[in-house]
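With these hints in hand, go ahead and build the complete structure from the sequences.
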Amino acid sequence: MRLPASLAAVTVAVTLVLSLPYEALPHARVAPGAATGPGEAASPPPFGAACRTRIHGSHVVAHCHNPYVDTDRVRLHVECARWWDLDTDSAPADAGPATTVRITGRCWKEVRAVWVSHQRAG
1 MRLPASLAAV TVAVTLVLSL PYEALPHARV APGAATGPGE AASPPPFGAA CRTRIHGSHV
61 VAHCHNPYVD TDRVRLHVEC ARWWDLDTDS APADAGPATT VRITGRCWKE VRAVWVSHQR
121 AG
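Read in our numbering, the sequence shown has 118 at position 118, and its numbers run on one by one without any break.
By construction, these hints were calculated from the structure, which means they are not laboratory data. Just so you know, not all the hints are guaranteed correct.
Pair by pair, the computed Cβ-Cβ distance ranges are [what the hints assert, rightly or not]:
no., residue 1, residue 2, range
1, G122, W84, 37 to 45 Å
2, R52, A121, 14 to 22 Å
3, K109, D89, 13 to 21 Å
4, A113, A41, 29 to 37 Å
5, T100, H56, 32 to 40 Å
6, A41, R82, 46 to 54 Å
7, E79, A41, 36 to 44 Å
8, W84, F47, 36 to 44 Å
9, P44, W108, 37 to 45 Å
10, A81, S117, 19 to 27 Å
11, L86, G122, 29 to 37 Å
12, D94, R52, 30 to 38 Å
13, A41, L86, 18 to 26 Å
14, A41, K109, 42 to 50 Å
Beta carbons are placed, not taken as given, at the ideal position from N, Cα and C, and that holds for glycine.
Structure follows, in structure tokens:
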């Protein structure tokens, strides 16, 4: 007896899924910070604000939004292109839960690089 082509394809797909190791199968999501099994350490809860930086000439603006419960202390770091132009680090700004902070910085001339650092407050 010969199986129809569509039934044969389904049979092969089911066989392949059933032969996958346990770790490769999709499972229900575990709450952040919960232990996933006996002898396993709990994963840390998610942390960190999402930051967008914009450079306009010699001015830099960063907007950081923190969607998590823990406060994120963010700082803007600006590296200037000219050797005589001073690089700057902003004062720390606390991005509390569900808040957005705006941080600014600048160079006298061109900006070479910009980044934001994160630190847990508390």
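Do the hints match the structure? See the list:
1. Checked against the hint of 37 to 45 Å, the pair G122 and W84 passes, with Cβ atoms roughly 39 Å apart.
2. Taking 14 to 22 Å as the suggested C-beta distance range, the pair R52 and A121 conforms, at roughly 21 Å.
3. Taking the beta carbon of each, K109 and D89 are about 18 Å apart, inside 13 to 21 Å as hinted.
4. Here the CB-CB span from A113 to A41 is close to 36 Å, well matched to the stated 29 to 37 Å.
5. Our hint of 32 to 40 Å for T100 and H56 is violated, since their Cβ atoms are close to 19 Å apart.
6. Between A41 and R82 the beta carbon distance is about 48 Å. The supplied range of 46 to 54 Å therefore holds.
7. Between E79 and A41 the C-beta distance comes to about 37 Å, which sits within the given range of 36 to 44 Å.
8. About 38 Å separates the C-beta atoms of W84 and F47, a value consistent with the hinted range of 36 to 44 Å.
9. A C-beta distance of roughly 41 Å is found between P44 and W108, which places it inside the suggested range of 37 to 45 Å.
10. Between A81 and S117 the beta carbons are some 21 Å apart, a value that agrees with the proposed interval 19 to 27 Å.
11. Separation of L86 from G122 is about 31 Å and conforms to the stated range, judged on CB atoms against 29 to 37 Å.
12. Taking 30 to 38 Å as the suggested C-beta distance range, the pair D94 and R52 does not conform, at roughly 18 Å.
13. Against the hinted window of 18 to 26 Å, the Cβ-Cβ separation of A41 and L86 comes to about 44 Å, which falls outside the hint.
14. Separation of A41 from K109 is about 49 Å and conforms to the stated range, judged on CB atoms against 42 to 50 Å.
In the structure shown, a violation is registered for the earlier hints numbered 5, 12, 13, in ascending order.
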